[in-house]
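Undergrad: Sequence:
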Amino acid sequence: MGKLVFCLVFLAHQVASEEVIIRLSAEDYARMPPKFHLDHYEHCLHQPGGVYCTAHADVVADGPNELLDMMRGYSAYTLKHHNYTRLRYGLCMTRTCRQFYNGTAEPELQAAAEACLNNSLSRSHGLKSKVTKVNCYFEDETKHKYTVDWVDWAVAAVMFVIVALNVIGSAYDFTRDRPKPGNKFLLSFACRVNWNRLVAPPSPDPNSLALQSLNGVRFLTCLLIIFIHVPLSAFIAIENPDFIEKSYDSPGFYLLYNGTLITQSFFLMSGFLLAYKMQISTEKQPLSWKKYLKSIFLRFTRLAPLSFLSLMLTATWLRFTGYGPLWQEQTGVEVDDCRNYWYYNVLFVNNFFDVSSCNLEAWSTASDFHLHILGLTVLLLAPHATQRRVALALLYAVGVLWPAYNIITMDLDGTVIARPETSVTYGMSDNTFHYVYKRTYANIPMFVIGMTFGFLVYDLQKRNVTTQDHTKWRYLYWLLVPVLLATLLAGGVFYGDGPRASLPVRVLFASLVKPLFGLSVMLIIFGAVNKVEAVYRGVLEWRGFGPLGRLSYGVYALHMTLVRYVAGTRTTLVHYSLSHAMHDYFGMATLSVVLALLVHLAVEAPATQLVKVACATRPETRESETVVKDTKTE
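All the letters of the sequence shown, read from the start, carry residue numbers -17 to -1, 1 to 617 under mature numbering (1 follows the signal peptide of the UniProt record, and there is no 0).
Hints in this document: simulated from the structure, not taken from any laboratory.
Please note that a few of the clues may not be correct.
30 Å max Cα-Cα, derived DSS-like pairs, lysine-lysine [to be verified]: (1) Lys167 with Lys63; (2) Lys277 with Lys445; (3) Lys267 with Lys595; (4) Lys445 with Lys273; (5) Lys445 with Lys514; (6) Lys445 with Lys595; (7) Lys595 with Lys277; (8) Lys267 with Lys277; (9) Lys167 with Lys267; (10) Lys63 with Lys111; (11) Lys595 with Lys167; (12) Lys111 with Lys229; (13) Lys455 with Lys514; (14) Lys167 with Lys277; (15) Lys514 with Lys267; (16) Lys455 with Lys445; (17) Lys163 with Lys445; (18) Lys229 with Lys113; (19) Lys63 with Lys116; (20) Lys273 with Lys595; (21) Lys116 with Lys163; (22) Lys445 with Lys267; (23) Lys229 with Lys63.
Cβ-Cβ distance ranges computed for the label pairs, FRET-style [to be verified]: (24) Gln30 with Val131: 24 to 30 Å; (25) Ile356 with Leu499: 23 to 29 Å; (26) Ser412 with Leu330: 33 to 39 Å; (27) Asp394 with Tyr12: 26 to 32 Å; (28) Val131 with Leu574: 22 to 28 Å; (29) Pro465 with Ala597: 43 to 49 Å; (30) Trp178 with Ile391: 49 to 55 Å; (31) Val464 with Gln268: 38 to 44 Å; (32) Val43 with Gly86: 22 to 28 Å; (33) Phe335 with Tyr12: 37 to 43 Å.
Cβ atoms here follow ideal geometry from the backbone N, Cα and C, with glycine treated the same way.
Using the sequences provided together with the hints, build the complete structure.
TA: What follows is the structure in C-alpha cells.
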C-alpha cells in the first residue's frame, strides 16, 4: 500500500512538472541555477597537475521539489527557453573540486564532477545533478592533446607545395622579361597577377556590365549570413541566456532568426547565371553531351578547391591551433567528423547525410552543384522554349511538394526555427533544417526562379527592351526591399506564445515564403539590369563590390570555421548585448574577408587559371567555360 501511495505521489509531481511555464518573474528566474558556468581555465591548467573538466549534467532531486518543477516547466517551452535542467559547467577538478578528485580515468573524473556539482547545488539550491558526459583537459596536454599522424603530414606537404608555387610564381612574375609571353603555369600562381585580376575594372562587354548588380547582391548576402551566424559563438557560453529568451518577444529580432532564407539568394543567382550564360554560349554552338559533361567538370573544379582546402585543414591542423574548455564539443567534434566522414564532402553529397557536422555550411555547395547538373540537364534534354517551361514547372512542383510532404509526414516546422537549444548545435538536432532547408530538392524553387529570369533577361536584351525607359516603375520597385523585410518578419508567426501553428499553416508557409523571398530578390536584380532607378542600382553596382563579390565564395566557405574556432577557444562566459553582437560581427566579417582574400590569391585564383590554361586549347572549350565562370555565388 505504501509503495502505491508513493507511486501516485510521484506521478502527480511528474504531471505537475510537465506544466509549461511561458513567463517567470525576475525573482523566480534568479532562483534557478545558472545554465552555464566556467571556472578559470588558464589558472586551473597552469598549476602542476591541473585538470579541468567540462561537464554536462541533468538536474535532479531526491524527492518532490518545487524549484525543480518550476525549472522543468520553464524549460518545457523549448521554442524560446533554454533547458535549465541540463547544465554545462566547466570545473577545475584540482581546485574547485579537489576534495572529490581522486583519479584521471574518465569514470573517476565523471564521478568527481558529479559529486562536486551535487555538493554545490545541494548547498545553493537544494538540488542534485546527474553528470552525463565530461570533456577533460590536463595540464600536460594543453599544447599536445593530439599527436601528428600521416594525414597531417600529407596535408602539410600539400600546403607546402601551394606556398612554394606561390613564391616561385610571384618571383617569376617580378623577374621575367615583360615583352615576351610568360609561362602560364607559373603566372597562375603569381600573387601580383591574381591581385590585378581581382581588382580589374568590369569588362566593357554590355552583357557583363548589365549584370554588375550581382556582385553587390553576392557580397551583401554573405555579410548578412555572417551576421546570422556570429552570435552562435556566444550562445554556447553565455552569462545571461535570458537576453536571448527576451529577444524572441522583439519583432526586430525576427529578421535575424528568420534569416536562414537569405542563403536562398545564392541558388537564385546560380540558376539565373546558368540560364543566361548558356543562352549566350549556345548562340555559336548548341549544347551537346560533350559540352554538358565539360560544364559539369568545370563547375566541380570551380567549387572543389576552396571546399577541399577547408575540409583538409579542418580535419588536420585546425585541432592544433587552439584550446579551451569548450574546444572538444565545438571544434573537436567537427574535426572528428571531417576525419570520419570526409568522403561525403568530397563527393558533394553531405547535404543528404545528417550524421556529420564537418563544414556544416558546405551543404549549400553540395546543393549548388546538384542544381547546376539539374539545370544543365533541362537545357540539354529540353532544347525548345515550350519544353523548358514544362520541365521547369515540373521541377518547381517537386521542389514545393517534396518539402511539404516531409512537413506532413514528419510533423516539421514551416521554417527553420532558431530555438535556443538547437542553435547551440548549429541546427544538427533540427529535422526541419535537414529536410526543409538543406536537401537539394528543397532549393529547387529558387533555382527555377533564377533560371526563368535568366531566360527572360536574355530574351529582353535580344529584343533591345532593356535599353528602353523603365523609370515609371521605380515607385513599385522601391517597395521590393520592404517586401523582403516583411517576408523575413512573417516568420514571427511561429514565435507566438500560443499553440503551435497548425499543419496547414506550416505547409502553406513553407510553400510560399521561399518563392516570395526569391521573387523579390530577383526583381531587384531584374530592375537593376533594366535600369529602373538609380538608388538600389547605385548601391549594388558600386565599384568596390566587384572584387568583394569575387571573394564571396571564400567568405562564405570559411566564416563558420572562424565562428566555431572562436567558440572553442572561449574560456569565459559572455555577457551578451547588442553592442557585443556588433563588435563580434564587424570583427568576424573583417577577418573572414581578409582570410578569403589570402585564400583567393593563393588557392582559388591559381586553380581557376590552371583550369583555363588546361581548357584553352580549343575555342569551343573557352565558350563552354564561360557558362560556369562566376556562377558560384556562395
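Undergrad: All hints, please: hold or fail.
TA: Verification of the supplied hints:
Restraint check: the Cα-Cα separation between Lys167 and Lys63 comes to about 57 Å, which exceeds 30 Å; the hinted pair is violated. At roughly 27 Å between alpha-carbon atoms, Lys277 and Lys445 fall within 30 Å of each other, so this suggested pair holds. Of the supplied pair hints, the one linking Lys267 and Lys595 holds, its CA atoms being roughly 20 Å apart against a limit of 30 Å. About 27 Å separates the Cα atoms of Lys445 and Lys273, which keeps this hinted pair within 30 Å; it holds.
A threshold of 30 Å between alpha carbons decides the hint, and for Lys445 with Lys514 the separation of about 16 Å falls inside it, so the pair holds. Straight-line distance between C-alpha atoms of Lys445 and Lys595 comes to about 28 Å, which keeps the hinted pair within the 30 Å bound. A threshold of 30 Å between alpha carbons decides the hint, and for Lys595 with Lys277 the separation of about 12 Å falls inside it, so the pair holds. For the given pair, Lys267 sits about 17 Å from Lys277 by alpha-carbon distance, which is consistent with the 30 Å threshold.
This hinted pair checks out: Lys167 and Lys267 have alpha carbons roughly 27 Å apart, not beyond 30 Å. Taken as a hint, the Lys63 and Lys111 pair is honoured in the structure, with Cα atoms around 25 Å apart against an allowance of 30 Å. Taken as a hint, the Lys595 and Lys167 pair is honoured in the structure, with Cα atoms around 10 Å apart against an allowance of 30 Å. For a cut-off of 30 Å, the pair hint linking Lys111 to Lys229 stands: about 28 Å separates their Cα positions.
Taken as a hint, the Lys455 and Lys514 pair is honoured in the structure, with Cα atoms around 11 Å apart against an allowance of 30 Å. Distance check on the hinted pair: Lys167 and Lys277 sit about 22 Å apart at the alpha-carbon level, within 30 Å; holds. For the hint linking Lys514 to Lys267, the alpha-carbon distance of about 28 Å falls within 30 Å, and the restraint holds. Straight-line distance between C-alpha atoms of Lys455 and Lys445 comes to about 22 Å, which keeps the hinted pair within the 30 Å bound.
Our distance criterion of 30 Å between C-alpha atoms is broken by Lys163 and Lys445, whose separation comes to about 40 Å. Our distance criterion of 30 Å between C-alpha atoms is met by Lys229 and Lys113, whose separation comes to about 29 Å. Distance check on the hinted pair: Lys63 and Lys116 sit about 25 Å apart at the alpha-carbon level, within 30 Å; holds. A threshold of 30 Å between alpha carbons decides the hint, and for Lys273 with Lys595 the separation of about 17 Å falls inside it, so the pair holds.
Straight-line distance between C-alpha atoms of Lys116 and Lys163 comes to about 66 Å, which puts the hinted pair past the 30 Å bound. Pair hint Lys445 plus Lys267 holds up; C-alpha atoms about 15 Å apart against a cutoff of 30 Å. Under the criterion of a C-alpha separation no larger than 30 Å, the hint pairing Lys229 with Lys63 is consistent with the structure, at around 8 Å. Evaluation of the 24 to 30 Å hint for Gln30 and Val131 yields a pass: the beta carbon distance comes to about 27 Å.
Checking the proposed 23 to 29 Å range against Ile356 and Leu499 shows it holds: the Cβ atoms sit about 27 Å from each other. Remark: the range hint 33 to 39 Å for Ser412 to Leu330 is contradicted by a beta-carbon distance near 24 Å. Between Asp394 and Tyr12 the C-beta distance comes to about 31 Å, which sits within the given range of 26 to 32 Å. Evaluation of the 22 to 28 Å hint for Val131 and Leu574 yields a pass: the beta carbon distance comes to about 26 Å.
A beta carbon spacing of about 48 Å between Pro465 and Ala597 agrees with the range 43 to 49 Å that was offered as a hint. Roughly 52 Å separates the CB atoms of Trp178 and Ile391, a value that falls within the hinted 49 to 55 Å. In this structure the supplied range 38 to 44 Å holds for Val464 paired with Gln268, their Cβ-Cβ distance being about 40 Å. For Val43 paired with Gly86, a C-beta distance near 24 Å keeps the hint of 22 to 28 Å intact.
Distance hint for Phe335 and Tyr12: a CB-CB separation of about 42 Å, consistent with the stated range 37 to 43 Å.
In terms of the numbered hints stated before, the structure departs from hints 1, 17, 21 and 26, listed from lowest to highest.
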